[in-house]
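A.B. asks: Based on the sequences and whatever the hints tell you, model everything.
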Amino acid sequence: MVVVLWAMTIVLCTAQTAETKVFSVDKTKGSSVELIEHIQEKSGFIISYSSRLCLKENISLSSSRNTLAGFLQDIFQDCPFDFVERKNKVIVRPLKLSEQSFTILGYVSDARSGERLIGANVFSRNRYEGTATNYYGFFSLTLQGGSVDLYSSYVGYNAENKHFDLTSDTVVYFSLKPNIELPEVSVLGSRMPNMLRGGSFGAARVSMDRIVDAPALFGESDLMRGIQMLPGIQSGSEGFTGLFVRGGGPDQNMVLLDDVPVYNVGHLLGFFSIFNTDAVNQVSVTKDGFPARYGGRLSSVVDVRMKEGGKDQVGGSVSLGLLSSGISLDGPVFNEKTTFALSFRRTYVDALAALYQLGADDKTNYYFFDLNGKISHEISERSKIYLSSYWGRDKLYTLYNYRDFDVRVGDNQVTDNVSINDESNAGWGNFTGALRWNYVVTPRLFSNVTATYSNYRFFIGLKQSDETQGQLNSYEQRYLSGIQDFTLKVDFENYYRSNYTLRFGASGVVHRFNPGVDLVKESGVSGTTEETSVSDVLVSGQEYRGYLENEFSVSNRFFVNAGIHSALFLGEGEPYWSLEPRLSLRYELTNSTDIKGTVSRMSQFVHMVGTAGYSLPTDLWLPVSERIKPMHSDQATLGVDFHLGKKRGYILSLETYAKSYKNILAYKESTGFFDYSTTWEDKLTTGSGESYGGELLFQKNKGDLTGWIGYTYARTTVHFPELNDGKSYPARFDRRHDASLFMNYRFNSRVTGSLTWMFGSGNPVTLPEEKYYAPGLDWAKPSDFGYSEGVGSLNNYRMPSFHRLDLGVNFTKKKKRGERTWSFGVINAYGRQNPFLLYFSESENNPEGSAMRQLKQLSLFPFPIPYVRYSFKF
Amino acid sequence: MIKNWHILILLALAFFSCEKEIEIEMEERGGRLVLYSFIAPDSILQVHLSKSVSHLSVDDFERVYNGNITVYRNDRIVDDFIFPFDESWANRYGVNFSSGDSILIEAFDGSGQSVSGKTIIPDTVPFLWADTATVVRSDNKDGERKVLNCKLTISDPAVIKNYYQLIIFEQICRMEEGVVKCEQKRVVYDKTDPVFFVQSKEGSLIGEIDFDGCFSDTLFNGENYNLEVDLPLEYATVPDQNGASRKIYFLLLSHTRGFYDYYRSRVVAEYGYDLPIIDPIRIYNNIDGGLGLVTGYNVTSDSLIFDNGI
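Note that the protein sequences, when read in sequence, are chains A and B. According to my numbering, the stretch in the first sequence is residues 1 to 874, in order. According to my numbering, the stretch in the second sequence is residues 875 to 1184, in order.
Worth flagging that the hints you see were computed from the coordinates, not collected in a lab. Positions of the beta carbon are idealized from the N, C-alpha and C atoms, including for glycine. You may find that some hints are simply not true.
Claimed, not checked - Coverage of chain A stretches by chain B, computed from C-beta distances (three or more under 8 Å per stretch; other residues unrestricted):
(1) 762–769
(2) 834–841
As the list claims (entries may be wrong) - For lysine to any residue, the following SDA-like pairs were computed, each having C-alpha atoms within a straight-line distance of at most 20 Å:
(3) A:K662 to A:G687
(4) A:K856 to B:M900
(5) B:K894 to A:G687
(6) A:K781 to B:T1066
(7) B:K894 to A:P862
(8) A:K781 to B:Y1147
C.D. replies: Take a look at the structure:
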């Protein structure tokens, strides 16, 4: 035993190497050569080194006691080196470029507008490695040194190539020129063979050009309608901009405007979205394979990014439509480091209607406006700040009871004749603000710190004026409800290697819900004004989230995005938390075929209490509580993409999904939304649901004729123990078949034509099937109806199917100072009467002397509606 | 206000909409037995039996021929009769019930279809006059007005959940040609007491559905509660005519949960009958095999009298 230990000690002692043997030196300062000779003397090693190494005159060692490798690291700290050890000799040589890694970082932007391009591909053809820009147009790619051919490409833009020798960390800016000959129509990111797809995992990018080109009701381009045409996403009812994603309700979509959640996205009762297309740079939709960075809603994330403004010169656009007009301006502020973008849009329905109603006793009117603003400042190459804001409002009002009065002015007996009126009104609006700071901490570590504020308000009001003893007095009552969010979040992206990106971050949100307050304001004869509030209840909640997301390739053909998202909600009741795993896989079966699969779990701590069925501004947002548990969903998808054609100009995507929901909410049968004598929690009941289906998307992205066909087969059922006798029933928007066609044809450089056709099989509808005696009670007020309606089961029938053809043509011409576009078109070209709602009433075709009841259908836009719009870009 | 809001929506839609008759193959529903009975101690037993009809029918219900009714009190048959097909209600004299009685009513028709419903008659809940006074209410909306403020103290029983309805009647009796003739009419009172609106998280402005004085003891379970109502001052005056009298009756009805659910859901359902944008609501029923309601109730009453010389 002793012999063995002695032998091992001898071996260990003699086995000490340049990396393990620690020794001391007397000299810690000097030139590189002097120090090497001194270390050689002290260590017992013979050191030979290349003259190509960077030898310096003055160097300080970090310590007088170290290993040989440690001392060499101090001496050659600024030049990458390697050494080999042969017996007692150490040979030090500089690393070849190809043995070193350097990081290329930079931004990709639109050469024309200066806007950063999100999700643009950046790849080295000779290295076969690449990445994609993040939401701020930033990329970071670490490659071995040497000659690099770096390309950047983006759908609808000419690719740009940069060739250079990579000898150190390098900053590269790409400015891609829009490809006029091949206009962008793709809804999905382009194929990037053998590369990581950065932000495109699970996200569908919706082309703003396509949205602007497409036919639009009253000529109002609307990005939500563009999103509704994607497979798996439905509009709910025709005409509305609400989104129903794979069986989920409209409150299950996280709509972000520059990272700020927006709680109501509808103007004009939801017929138009609040997003002014002139102000939007890009929009993407994620409905499955949610990366871990996303959370807070069950069904989708709609990420809208506002324009930042060009760096070169001030430009803008003016557009005049039938319903509204708008103006946009953008450009540098003082120099190219600071840019701004400003867009304003307003309806003039009220002005036209006022003319029409001149002299009328009652005047009903409506308007909406929205204002988008953004200013960004580049502090340095590595640091940039953004301040963006949105403000929009809708107001519907009726003026009535006009009277003239003689009113005393001041203390004198002078009177003045004034006209007064009463007013009832309703309105809603959002205000959002975001302050963001992008900072490149290291070439491989990108950070983003965001502070946001979101405020949604809805009001119904009444104003009455009167005269007493020659003095005016007024009474104003206003019901307000709304939600405010204060958010602070920080995100990091670490581009560790070209095939591995690590994302992590955390956020905190303070929600302040105001389910309803009555404000009463009275101005009396004495000149005093008195304000009182009733039922001013504030419900608050705090939501904390954190995530860790890994995106990597296992091989040249196998790509993975795996992560975990965690959430904690602190409200007035017990705290809730959730842990949500996310996984997305993509495997390249062949050069033209990818298969993909995802699993994800999502949770939601806020929900909308509405009128069930239609997303109206009256809907209240409320948090989870002791009795209302958080909603959860689990989703799995499996799909395949085929890239077809000579230049891969066609993409066929097939995808199936299965999704389950827990703790979803519905109104109880016997009370419903309009029973105000119970608490909101008493009105609701919780249940579960499941949705599955298949989606097909066929796109043609190149040539004069571009477009796509989408088809969805879906089935969504829900189950609530307290509803429908505990039996499962079809969800409100369980539409079995959904199809859409979009085609855009470029006749020449000045004329484009677009066509959209949509088809949907009937939505479920609950119809009463029988009537029965409703007794008049001695102690109750008499009923207006002598009968009660009997409902067999919920969503027991289906509406007729809907389909609609929209046509549009755009004439564009270059002018001296810019480019003008005339857009003409027609919505519902063949005048299809699509169902909006069904109801029973007396038939108008009764034989004389008899009475019959008939089921009737109310249709919106039942006739061809032409539109015209003029826009000018400068 | 909220109803106006929905009407505004419909008006807005009307600008760009049209209607047409459509054909949807609907199941031929109807023909189910409908049974109603509202039972109170010391009152005539009334029973309704009919059949439901298809929703497309212009009739509201179908009469039942060869209908038979059997009434059980505490598991013993107390009445059995053929339902009079030409009447809406069968009035049965001589059948008396008391608080706490368990009642079961069974019915069948000639086709062999049968239904049943059961209930328990709730106890009366007494109330006391806490105060009545003429007070001035003032606001700019309606100006200054005098009202009769009435405070009633309800002694709500502990443990059990109670459901109430406050009904107020005016009865004016006059001597005409030596005969006293009386007229009754419902008094509409302001339902501003919190029991009529559980306002924890909603604004009162949208609370406009009138449940006809129906409320629960959610806010005062097991306690004494001072319920306040304002009546227009005209009800607190003596009639002009000599020998006439005015009585204001306050009836506090104790209901079952079944009635509470039935009546509220019916009010809400009827609210939506002329607003097709709102989904139809199922009306609560407690009839096995059919539709309708069998429920017991009990009444406590008191009155204010304004005499002119009687």
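A.B. asks: All hints are to be evaluated individually against the structure, with a verdict given for each.
C.D. replies: Against the structure, the hints:
no.	hint	verdict
1	762–769	holds (count 4)
2	834–841	holds (count 6)
3	A:K662 to A:G687	6 Å, holds
4	A:K856 to B:M900	13 Å, holds
5	B:K894 to A:G687	36 Å, violated
6	A:K781 to B:T1066	18 Å, holds
7	B:K894 to A:P862	10 Å, holds
8	A:K781 to B:Y1147	17 Å, holds
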